[in-house]
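2 protein chains.
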Amino acid sequence: MKTLAVIPCILVLLIASVRAGDSLPSWNDTGPKKAIIAFVEQVTRPDSPAFVPVAKRIATFDNDGTLWAEQPIYFQNYFIFDRIKALAPQHPEWISREPFASVIKGDLKSAVAGGDQAQLEMAIATQSGMTTDEFEKAVTNWIATARHPQTGRLYTGMVYQPMLELLAYLRANGFKTFIVSGGGIDFMRPWSEKVYGIPPEQVIGSSMKTKFELRNGKPVLVGLPELNFIDDNAGKPVGIQSHIGRRPIAAFGNSDGDLQMMQWTDAGSGPRFCLFVHHTDAKREWAYDRKSVNGRFDKALDEARAKGWTVVSMKDDWNVVFVGDKK
Amino acid sequence: MKTLAVIPCILVLLIASVRAGDSLPSWNDTGPKKAIIAFVEQVTRPDSPAFVPVAKRIATFDNDGTLWAEQPIYFQNYFIFDRIKALAPQHPEWISREPFASVIKGDLKSAVAGGDQAQLEMAIATQSGMTTDEFEKAVTNWIATARHPQTGRLYTGMVYQPMLELLAYLRANGFKTFIVSGGGIDFMRPWSEKVYGIPPEQVIGSSMKTKFELRNGKPVLVGLPELNFIDDNAGKPVGIQSHIGRRPIAAFGNSDGDLQMMQWTDAGSGPRFCLFVHHTDAKREWAYDRKSVNGRFDKALDEARAKGWTVVSMKDDWNVVFVGDKK
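Keeping their order, the protein sequence lines are chains D and H. Each residue of the first sequence is one higher than the last, beginning at 1 in this note's numbering. Each residue of the second sequence is one higher than the last, beginning at 1001 in this note's numbering.
Since the hints were made in silico from the structure, they are not lab data. One or more of the hints may lead you astray.
Computed list of lysine to aspartate or glutamate pairs in EDC-like fashion (alpha-carbon distance at most 20 Å, straight line) [unchecked claim]:
#1 D:Lys211 to D:Asp133
#2 H:Lys1056 to H:Asp1266
#3 D:Lys211 to H:Asp1266
#4 D:Lys307 to D:Asp266
#5 H:Lys1211 to D:Asp266
#6 D:Lys307 to H:Glu1213
The following label-pair restraints were derived from C-beta to C-beta distances [said to hold, decoys possible]:
#7 D:Ala282 to H:Gly1268: 43 to 49 Å
#8 H:Lys1034 to D:Lys209: 37 to 43 Å
#9 H:Lys1299 to D:Gly270: 46 to 52 Å
#10 D:Ile73 to H:Glu1098: 53 to 59 Å
Note that beta-carbon positions come from the ideal geometry of N, C-alpha and C, so glycine has one too.
Looking at chain D on its own, in the form it has when it is part of the complex (with noise of 0.2 Å):
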C-alpha cells in the first residue's frame, strides 16, 4: 500500500518542475501566453487576493475548433457517413432519401446542408438501436484508422499542440479540465482521456436519449431515436450546470457556439479568464470567422473585442499548430 502511494507524490514533484520550466512552449511570447500565465499565477499563489481553491478550479473547452480542427466540415461527420455507408446494404430506401442519398453518393456538403434536421436524422440512423457498448467499440475503432481526406492524417493528428500543452499546464496548476461541445457526448468520450487526459465524466456533448433494458438477462443501455439534448448555444451553460455544478473560472472556445458559456463564466464573483482561438493561419490550418459555416465566430469576435477577453490569432500566437509538427 504504502509503495502505491508513494507515486502520486513522485509525480506531484515531477510536474512541479515541468512548471518551473517552459509548459507552453508552441506559444509565442505574445499576449495571449502572457494573459494566460498572469491568469493561472493570479488564481493559484497562495498570498494571491484573488486565490481560487483547488476545488473551484473549473476549466471548461470546446472541442470542435478550439481543440482539434473542424474544417471542411465537422469530423463527426465524417464518422457518421462512414458508418451510413456501411449501413446502407441493410437500408436500400436510403437508396432515394436524404440526407443518405447523399451520402451514398459522396457529395457529402450537399448531406450536410440539410441543417439540424438532417443531422439528428443521421445521428439517430447511426446510433438508435446500438447498445452503449457496441457505439463505442464503432467509435474506438473508427477514430484509430479513418483519416481527414485533405490532410491525410487520423483525426486525433489534427488535434492542436498549443491546446495539449495548456490542458497539461492547468492540469499541473490544479485544474479540473473539461470538455463542453456541441459534438456528441458518446462520439468524444471514448478517446478524450487518451489524446487530452480529459476523463469520460469531464465529457460534455450534446446526446440521445438512452434506455435500460435487460436483453437475454443481460443488462443493456440502448440509444433511442430521439435528442436528449443539444450542447450548443445557451445549452452550453445548461450542460456546465448539469453536469459540473459550479460555474467555471475559465472557459475556452473559438465560435458564436461558446459566446453563452463565456458569459456564464465571465459573470461569475473573482478573477475569470475566457479565451477564444481565432483561425487566421489558411496556410498551416484554415482561415475563417464571420461567415464560416462551421465554428462561425461573429457575435462572439464583437463581444470578446468589446470585453477584453483573450483573441488568439493562430498564425501569429502559435509557433505549432498540430500534434507532432515541428517548428
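Start from chain D and add chain H according to the hints.
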C-alpha cells in the same frame, strides 16, 4: 509553486498511514466489512490478477436510506414543505388545492400521498422561476438550520457514520465516489462536498429543466416548470452513463430503486461489488423493508440474496449509526 505541490504529497502519505490502521471502525468485524476489504484489496494490489487502474475505480452511492436516513418521509420533502409554507402568502390559491392545502395544514402524510404527480407539482412550485444561484442559497440556508421532527437533529446529523468511513476508505484507495440518487441534484449539491466529501460534479440526481437567459444583461439559469430527468430505478444506469460515461465497479444502495444500478454495475467484466444497506435497527434508526413506502426493499432483497451481493444488517453490522454518536 513547489511549496504548494508538496501539500498533496503529504496528504498522500497521511492517507497511506490511515489505511494501515482500521479505516472502518464503526463496522463490526462481520461479513460485510470483510467483503468490502477483500474487494478493495483485490482491485488495488498491483500484483492482483483482478487489479483495476485508478481511472476505472468508480463507485456509486444512492443517498436516501444509504448515506443518510429517509424516514418517516424523504428529507427533501421537509425542505419542499418549508418552502411551500414560506411561499404560501404569495399563493392564496394553494389553500384549496392539493397537495399544497395539506402541506399548509401540516398534514404531511396526505401531502405525499398524491404520489409522483404531487411530488412533481411541489417541486415545480418551489424551484421554477428561481435562478440556480437563488435555489442554491435557499438549500444552503435550510440545511444549516432545519431539524428532523422526530430526532431533533440537523438532517446532516442523520448521515450514517459507517458510510462516511466507507467513502473515505474507498477514496483513500483511489476510488472516485459518486452519488446517484432519485433525489434532486440541485438539492444535494450545495452540501454534498462538506458532508460527504463528494463535489457537485460527482452528484447525479433527478432534475428540472433550466434555461439560460440574460436578465438586465446578467446571465442566469432559471428553473422551468418541466421535469428533465428522474434518476431512479431504470433511470439510474441512464444517469450513470450520461454523467460518468463508464460503468461503476462498485455500487451501494438500500432499496428496489437501486436494483438496476446494481444489475448494471454487476454485469461489467472483472471484479464487481454490490452492497445493500438493510434497515433492521428499530432502536437506533428504523426497521423496514418489503412493505415500506420509502425505500421499499423487496425485489432487490431477493435478487441480492440470489446473486450473493452483500447485505448489511444495520443492527448487526454497524456499531454506530449516525455521525457523532458513540459506540
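**OP:** Check each numbered hint against the structure and report the violated ones by number, ascending.
**Re:** Hints that this structure does not satisfy do not exist here, as all of them hold.
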